[in-house]
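Colleague: Chain by chain, the residues:
2 protein chains.
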Amino acid sequence: MKFGKWYVPMIIGIIVGMVTGNIFIPGISNQGSQSTMTSTQISAAQNKAFVPPGEHDEYYMFSSGGHSGQVFVIGVPSLRRIRTIPVFSPDSATGYGYDERTKELMGGFTWGDVHHPSLSETNGEYDGRFLFVNDNANNRAAMVNLKTFHTEQILGPIPNIMGPHSAVFVTPNTEYFMMGTRFSAPMDGSYQTLDKYSEAYDGALQAISVDQETGHMTPAWQLKLPPWNYDLSDAGKGPSDGWAFLTTYNSEEATHLLEVNASKNETDYITAINWKAAEKAIEEGKFEELNGQKVIDPAKVPGIVYLVAAAKSPHGVDVSPDGKYFIGNGKLSPNITAYDFEKFIQAIEAEDFTEEVRGIPVVNYDSVVAAEVEVGLGPLHTQFGPDGDAYTTLFVESAVAKWKLGEWTVLDKETVHYSPGHGTAAEGDTVSPDGKYFVALNKLAKDRHLPVGPSHPENMQLIDISGEQMELINEAPIDPEPHYAQIVKADKLSPVKIYEKDESNPLAVWSEEDVRVERDGNNVTVYGVALRSRFYPDEIQVNEGDNVTIHLTNIDLDQDITHGFGINLYDINFEVQPGQTNTIKFTADKPGVFPYYCTNFCSALHQEMQGYLLVKPKQ
Amino acid sequence: MKFGKWYVPMIIGIIVGMVTGNIFIPGISNQGSQSTMTSTQISAAQNKAFVPPGEHDEYYMFSSGGHSGQVFVIGVPSLRRIRTIPVFSPDSATGYGYDERTKELMGGFTWGDVHHPSLSETNGEYDGRFLFVNDNANNRAAMVNLKTFHTEQILGPIPNIMGPHSAVFVTPNTEYFMMGTRFSAPMDGSYQTLDKYSEAYDGALQAISVDQETGHMTPAWQLKLPPWNYDLSDAGKGPSDGWAFLTTYNSEEATHLLEVNASKNETDYITAINWKAAEKAIEEGKFEELNGQKVIDPAKVPGIVYLVAAAKSPHGVDVSPDGKYFIGNGKLSPNITAYDFEKFIQAIEAEDFTEEVRGIPVVNYDSVVAAEVEVGLGPLHTQFGPDGDAYTTLFVESAVAKWKLGEWTVLDKETVHYSPGHGTAAEGDTVSPDGKYFVALNKLAKDRHLPVGPSHPENMQLIDISGEQMELINEAPIDPEPHYAQIVKADKLSPVKIYEKDESNPLAVWSEEDVRVERDGNNVTVYGVALRSRFYPDEIQVNEGDNVTIHLTNIDLDQDITHGFGINLYDINFEVQPGQTNTIKFTADKPGVFPYYCTNFCSALHQEMQGYLLVKPKQ
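First to last, the protein sequences are chains A and B.
Residue 375 in my numbering sits at position 375 of the first sequence; the count goes up by one each step and never skips.
Take any residue in the second sequence, note its place counting from 1, add 1000, and you have its number in my numbering.
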């Protein structure tokens, strides 16, 4: 094992530097905010990255919104944010979390922590059907339909898992995605003090199966794992299809001061999961039920989980486009490790194990390592181009290293600003990456944009990777906080422009004549219509205390004509997109006169699109 | 009055077109999304609009976020969104609405409808101190401190006003801003049916005074106004300082089908307010108290409010930089009307009134009109450059018209995409506009960006106005929904980079030694610290049912090092910026083990920045 022999002093330096903030890192010293690009470079950059008015971006980038709970849709190469898709947090601009459908979706939570978005795949290629994301905070996953760009399902909180950071990465035909837990906790949900951590706390992996027609997610099965932290995952492909790989840190099982205590061991692990073997174990009944979930204990069912040493506290694990290698990114090591999948299988077959940890075999590192590549300080995540090109973000060094699979040498390095977490390349998680673009998702912006107070934006930087040398060609600030993103060729998506007129929906009203208000006791139901530039009805009379339901259909079946519906002082706003019917419910608990109005500018007479809710006081 | 004689058939055509969506409007027919710019134009555009990596934008644009409830901070000329400032809606990314301070600010509401942002002014120039915005939905106003880019105050709901759309526009030394009501409602808050509209419903104007040191807003006085809709306002400047102007539509007093019934009269009004006379009336006690507010009835106190005819259903009213003219934008008329302020005063002094409406004198239009300029279809809003240049957005025509004060002729027209509401020019509301840039805030994007489902983004377009001809040089999509924006020279702002260490704050903890957990009965208070890359404490033990308060101080006094604090499954996330102390409170109502972790990426060991909340179950 090569990486053990010299990295210790460097690690200490990094830790000290990170804690004190005083480490000198090339690229971080630029506080002057003047471009250091030459005029030739600027000219090249604008030719490549500026999308003239009227032209479209070439690629969509789907970025996690982190603790905003949302997904950001960004055009590449312009880096313009085209749309924010609300997923886990309410969004009054679109009424997400206000109307009944989306309120129910959110399940009583008001936020989520989206880490890793994953586009659905067919034969290892992005297919433009669905986008899946995780919620690290509340143990959930969500599915966005890319026909409408709407969140259609939120699954969870899923029992027995805690902080599924190690998600979402789909398998090559979107059979599954795996959700490994960042945090360990008692899997049965019981209360246990931290002195019982090693006995009573568990890591876990949740496999989610996906319906190929609808994208609907279902919990399939779970693995009980050692009480370590699982950081990132990736699915095998090609020869390694059927496997999933997770990075693993805190194999020290520390419970306090993790920044020191979880970095003590020389190595942590990559955890490799044979998910086809897990499927088989489920079929054979080799599981226990826990809180309604099917849980496999790999210590009791061999052949599913294997470990292999990785440089300490790895962050990303990434499978090469050809599926022949999986790459561990050391985080606290200056190198990445490439593992040869074929040798890995051979070692398993030969039982070439160095030890068993908690009943799980540890594959002999020296037998399966293809190479350690010294990419630089703080490697977090690797993405791929064609022809074996690989790009690794270097958090501590504030740079991106380009290196080559098979040759195992660093070919180029580009400074970024500052401290990149993930990076993402055009079609970079597929079996056939496009090359061309790489976006560094930098955690710090510092001086790169106009200052906006103590909290700076994150900073995305676009690198042209079409040539031998990487070239920085664009950058843009972004709200907190992209962790990972995927970039898909624009023509793979074909979103609809209006909702189909659904004559079968009993809540929809398709003509003014059918607009009605029904009363049943103190329940008032409005079947209404929004149409440029009026609401039917434009007066709603109720009594104080009535339970009011409003079903509203937008019968403007015309591109880009969304209507909003806000009620003054009733804290209600929602929208209906062309052809859509949405519902709100509220109690008319405030007597008086309350205007309602179209909140989404729709026509020259938008300002006239208003009505009155009259709430008659109790006598 | 010139505009009465020929616009009727055109209006009918516009209305029909807006309702059916079938009107042919030049510029809307481009569905092909290919740039129609020549390569020379593209080259010029990218030279002007592309901000190379490492360079800063020249201007900040502060844009309303509409029903998102927020403010968008955008760089000009790049049109990159640098920051979203949460104001009226929660934002889990920054913990806004989750921590105690911001939860209290929001006052139980979960959204607002921000229409018009206004930068504070000194001698009619933006001074970079404060930003004020309105909430049309809940009768509020908010103040953002531009040192921190944080919302510091939300005022309201203010009694007696309903839908203050006609705001915020500050007076030249930020003495006040006025909030005129878009909706009429019984001013006393009583329940009245719509058949009593003309007798029992009222419009209103609220004057808000501003503390010059802190930006703190206080309701000053109110005017009772006729039950019409007031759309936009502007403050006088120079010779017209001391006055405010509001556009007025629905002088028909229609209550139903406003898109037809509020457009019947040939003319509506500009409502002109002598706010210095109102101040004097308040001093002299000429007001009545209503729900705690001082209300002046202008029918009883002459000399404060005057009307002057305006082309029907005007949208914007804009005072020229020299203060000599106020411009009414017809909306349903193809022209703007420029009123000569000096003549307006002369007419008032000469009592040159054509009639009195509801006790308010109507100034003789023909005596005060300087010009009607036929700018094109659907003029909504006018902004200014130097040398008398004026720029009017044409919603129906999808264009911007350039014309000249004094000459009253249209000099140029630029097609935009599509349907601009407001436009905003560099320093365009000041006494000395910069020229150079104009941004059209288009309501529709249609085909201009990669499709994102039935709901399209809005579209901002940047026009170079430095030459004789306008030139479109950039465009960017934006989330719903900018209504108005102001553009300020970047060097006028000097935000802080960290919060000052406040040793006097009893809730703050500045060293690890002072970290503590205090228990008083079932109240548990944590005085904690966030510091790269750990929380003190990293274990919190409580009992089920305890009331938990956590005060957390970020003692990383270093630029761009924000820490987040999320608790799994407890639906809690908030942030502490460098030097800041924030507080959350919750009831520990779920027993078990709940990790907490830093949600805002802060260092290479961010992933290790975690702890455990252990909630011991009730026996």
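Everything labelled a hint here was simulated from the structure, so no lab data went into it.
Where a beta carbon is used, it is the ideal one built from N, C-alpha and C, also for glycine.
Please note that a few of the clues may not be correct.
To be clear about the criterion: a stretch of chain A counts as covered by chain B if any three or more of its residues have a C-beta under 8 Å from a C-beta of chain B, and this derived list gives those stretches [unchecked claim]: (1) 47-57; (2) 188-197; (3) 298-312; (4) 355-368.
Colleague: If a hint holds in the structure, say so; if it does not, say that too.
Modeller: Hint check:
no.: 1; hint: 47-57; result: holds (count 9)
no.: 2; hint: 188-197; result: holds (count 6)
no.: 3; hint: 298-312; result: violated (count 0)
no.: 4; hint: 355-368; result: violated (count 0)
Consistency note: the structure conflicts with the earlier hints numbered 3 and 4.
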